[in-house]
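J.: Chain by chain, the residues run as shown.
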Amino acid sequence: MNLTYNQAYSELSKLVDQIEDDKIQLDTLAEKVKQAKELIDYCETRLRLIDKDVEVALVDKKPKKKGK
Amino acid sequence: MPKRLRLSELIGEIDDVIQDRFAGETFWITAEITDVKKQADKRWCFLKFIEKEGNLIIAEIKGVFWSNSYSSVLQFEKLSGQTFANGLEITCNVRVRFHKRFGIDLEVLEIDHTYALGKLEQEKQQTLDRLVKENPKVIRIVDGQYFTSNKSLELPIVLQRIALVTAPDSDGQRDFKQEITNNPYGYAFLVTEFLTQIQGDNSSNLIIQKLKQIEAEKENFDVVAIVRGGGSQTDFKPFDDYELSKYVASFPLPILTGIGHDRNTSIVDLMARQHKTPTKVAGTIVEHNFNFESEIIELKDRLLLTTERMIDKAKDNLLQMKRTVKAYSPLTILNKGYAIITSNDQIIIDPKDIKPNSEIKTILKNEVIHSTVTKKSKNELDL
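From first to last, the protein sequence lines stand for chains A and B. Per this note's numbering, residue 1 is the first one in the first sequence, and the count goes up by one each step. Per this note's numbering, residue 1 is the first one in the second sequence, and the count goes up by one each step.
It should be emphasised that the hints constitute simulated quantities derived from the structure, not laboratory data. Just to be clear, a hint being listed does not mean it is correct.
If you want a taste of the chain B side facing chain A, the calculated C-beta under 7 Å gives, among others [to be verified]:
hint: 1; residue: I157
hint: 2; residue: L299
hint: 3; residue: T307
Think about it this way: if two alpha-carbon atoms lie no more than 20 Å apart in a straight line, the pair counts; the simulated EDC-like pairs of lysine to aspartate or glutamate are [to be verified]:
hint: 4; chain 1: B; residue 1: K300; chain 2: A; residue 2: D17
hint: 5; chain 1: A; residue 1: K32; chain 2: B; residue 2: E308
hint: 6; chain 1: A; residue 1: K23; chain 2: B; residue 2: D312
hint: 7; chain 1: B; residue 1: K3; chain 2: A; residue 2: E38
hint: 8; chain 1: A; residue 1: K14; chain 2: B; residue 2: E308
hint: 9; chain 1: A; residue 1: K23; chain 2: B; residue 2: E308
hint: 10; chain 1: A; residue 1: K14; chain 2: B; residue 2: E295
For clarity, every value in this text was computed on a predicted model and none was experimentally measured. In this text, a Cβ means the ideal position worked out from N, Cα and C, and glycines have one as well.
Throw the hints in and build the complete structure from the sequences for me.
T.: In structure tokens form, the structure reads like this:
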């Protein structure tokens, strides 16, 4: 994941809006919640570590999720 | 043979004339000062007073502050936020002195601070007026407030890569870095230092050079901080410089200033985002990021709340459906004493389908009764 804070923030608010929308299907909820959690983790980690460290920390956390 | 005088005799006569004319009298003069040499340890200050016509000096005399009036120099610096230095125009009270060896000079008794400050304020206002007049696209004044391109730049949502312009080994540098490094939220920052002298002659040019270096790699920074410590050493002049102010006003990255002076606001402060002290600049940056994180946390809370609510609702729905299914289940009905009748393994809904003599099964709770229909009649149960 290589997003700016702006991108991460607007992506996250979009997801939360969608999730709050009553019409959302239960089976798509899980995927959206997962994406939202990843974005939150990304922002919180990046705020506390400078660039290079961020990549390492996020890769360590989710070793299987390289492609994203 | 003309009469020959000894040097000391001639000088003695000069001394007498000067004594006659000037002894015990003081004068107020307004003049430019130059060749200022301060000896802080002895509390002396030597200088020259000059008067110019164009570029030509038409009058010049030595001047001196002795220790009893030296405080006037210090007070000037404190009040004005400027070094007492060459090029200033001051009004002061002087006494004419003559020394048989060192000649004539003016001993300064006190400075008229109101005049000096007024003069500086006037110069500053001239610079501001010129900035507005010559850079209308970059600097505007509305209701006494200065609006510049730099001030209207939006701050990035998070400020993490900071270009720090300050003096090496200074209080400002230390205060800023301490506040940034020890921030209570544990945020990480990448501070790149651009160190330069920020007081005295030519400082404004040195600061411009550092800003140019930053501009050359502007994509590597979120924000620029220009800081200097407060303390007694207060020389504001570089920050009132026309060229530096103009550059700051149009600088492509947001600039936060912490130039550390309570009484005075420099022109550079007016062209950028002013935060008074290095500590305050650092604190503002940290809080800015905290505001961002707060929004993330709020989104996170909303997310958790919504998901919980949705899952609870789904559980409720499921439970409701289970109840309904159970209520309509044949088993439930049989338990209540009702029966199901089949004929040829078909559930009979309409009794017309059953003729006398046909074989039927009556399915009850635990057993099935096989029978042959002997008779049919109307249902007279009052249900």
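J.: Now, for every hint given, state plainly whether the structure supports it.
T.: Here's how the hints hold up against the structure:
1. I157: For I157 of chain B, the interface hint holds, since the closest Cβ of chain A sits about 5 Å away, which is under 7 Å.
2. L299: Since chain A brings a Cβ to about 5 Å from L299 of chain B, closer than 7 Å, the hint holds.
3. T307: Because about 6 Å separates T307 of chain B from the closest Cβ in chain A, which is inside the 7 Å limit, the hint holds.
4. B:K300 - A:D17: Cα-Cα ~12 Å, so holds.
5. A:K32 - B:E308: holds (14 Å)
6. A:K23 - B:D312: holds (16 Å)
7. B:K3 - A:E38: violated (106 Å)
8. A:K14 - B:E308: holds (19 Å)
9. A:K23 - B:E308: Cα-Cα ~16 Å, so holds.
10. A:K14 - B:E295: holds (13 Å)
Checked against the numbered hints above, the structure violates only hint 7.
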